[in-house]
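Chemist: Chains as they are written, first to last, in the working numbering: chain D, 2 to 112; chain C, 562 to 680.
Treat each hint with caution, since some may be false.
[Unchecked claim] Listed below are the simulated BS3-like cross-link pairs for lysine-lysine, each with C-alpha atoms no more than 30 Å apart in a straight line:
hint	chain 1	residue 1	chain 2	residue 2
1	D	Lys108	C	Lys606
2	C	Lys606	D	Lys48
3	D	Lys69	C	Lys606
4	D	Lys45	C	Lys627
5	C	Lys627	C	Lys606
6	D	Lys108	D	Lys56
7	C	Lys574	D	Lys56
8	C	Lys574	C	Lys606
9	C	Lys574	D	Lys69
10	D	Lys69	D	Lys45
11	D	Lys45	C	Lys606
12	D	Lys56	D	Lys45
13	D	Lys56	C	Lys606
Please keep in mind that the hints were generated in silico from the structure rather than gathered at the bench.
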Amino acid sequence: QSALTQPRSVSGSPGQSVTISCTGTSSDVGDYNYVSWYQQHPGKAPKLMIFDVNKWPSGVPDRFSGSKSGNTASLTISGLQAEDEADYYCCSYAGSYNDVVFGGGTKLTVL
Amino acid sequence: QLQLQESGPGLVKPSETLSLTCTVSGGSISSSFYYWGWIRQPPGKGLEWIAHIYYSGSTDYNPSLKSRVTMSLDTSTNQFSLNLGSVTAADTAIYYCARLQYNWHYDYWGQGILVTVSS
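All chains should be modelled from the sequences, with the hints used to inform the complete structure.
Modeler: Shown next as structure tokens:
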């Protein structure tokens, strides 16, 4: 079981859009639509932003959207705001023995 | 509103066993819709799945930790627990407990507890 691959950092200006990729394998991201994304501000617990690839939990703005193609999932944040600056983690079900695998995390900087 | 709270020692000696408890309020851990899990985050690093447990007591463990990890739950106190044996400095991390939905996402998290492994 290997961690999902995310870029270490991305950045964008307020109002712009950024996309964070999350690359797995045919045994996790590619085989299941159980990809979720989490936002983590410094010193805080992670917060669920997207689940089932592209669904929003209650209270999450639709500026956050998710998608998947093959073994790669993506999180797009449109209309960037200062408060979006945080670390973002993807997560996928990995089947086999009901494993779960996280990505290494991406630091989003709002310029 | 569901709430989860981790508790346990903040300092554990090398080679000893790390024991943590998660207390759930505002909902029952006996529900068949959820798993209950542990995730950890070494300082300055990413999240790592440790394990989860179903209300029936069935468990799944991260293969890299499986030989050292056990989880249990106590429905009478609405708590679930983590034991990690033979700890080393590499096990120093913030440990989070969380609710894992049947469709494999964590929707509620505890605030986390920092556990340091040091003599």
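Chemist: Would you mind marking each hint as holding or not holding in the structure?
Modeler: Okay, the hints, checked on the actual structure:
Between Lys108 (chain D) and Lys606 (chain C) the CA atoms are separated by roughly 11 Å; this keeps the pair inside 30 Å, and the hint holds. Restraint check for Lys606 (chain C) and Lys48 (chain D): satisfied, since their Cα atoms lie roughly 17 Å apart, inside the 30 Å limit. Annotation: proposed proximity of Lys69 (chain D) to Lys606 (chain C) holds, straight-line Cα distance about 25 Å (limit 30 Å). At most 30 Å may separate the alpha-carbon atoms for a hinted pair to count; Lys45 (chain D) and Lys627 (chain C) meet this at roughly 27 Å.
Between Lys627 (chain C) and Lys606 (chain C) the CA atoms are separated by roughly 21 Å; this keeps the pair inside 30 Å, and the hint holds. For the hint pairing Lys108 (chain D) with Lys56 (chain D), the CA-to-CA distance comes to about 22 Å; that is within 30 Å, so the pair holds. For a cut-off of 30 Å, the pair hint linking Lys574 (chain C) to Lys56 (chain D) is broken: about 43 Å separates their Cα positions. Among the hinted pairs, Lys574 (chain C) with Lys606 (chain C) is consistent with the structure: their alpha-carbon atoms are about 22 Å apart, no more than 30 Å.
For the suggested pair Lys574 (chain C) and Lys69 (chain D), the alpha carbons sit about 43 Å apart, so the restraint of at most 30 Å is broken. At most 30 Å may separate the alpha-carbon atoms for a hinted pair to count; Lys69 (chain D) and Lys45 (chain D) meet this at roughly 27 Å. The suggested pairing of Lys45 (chain D) with Lys606 (chain C) holds, with an alpha-carbon distance near 14 Å, which does not exceed 30 Å. Taking the CA atoms of Lys56 (chain D) and Lys45 (chain D), the gap is near 23 Å; set against the 30 Å cutoff, the hint holds.
This hinted pair checks out: Lys56 (chain D) and Lys606 (chain C) have alpha carbons roughly 27 Å apart, not beyond 30 Å.
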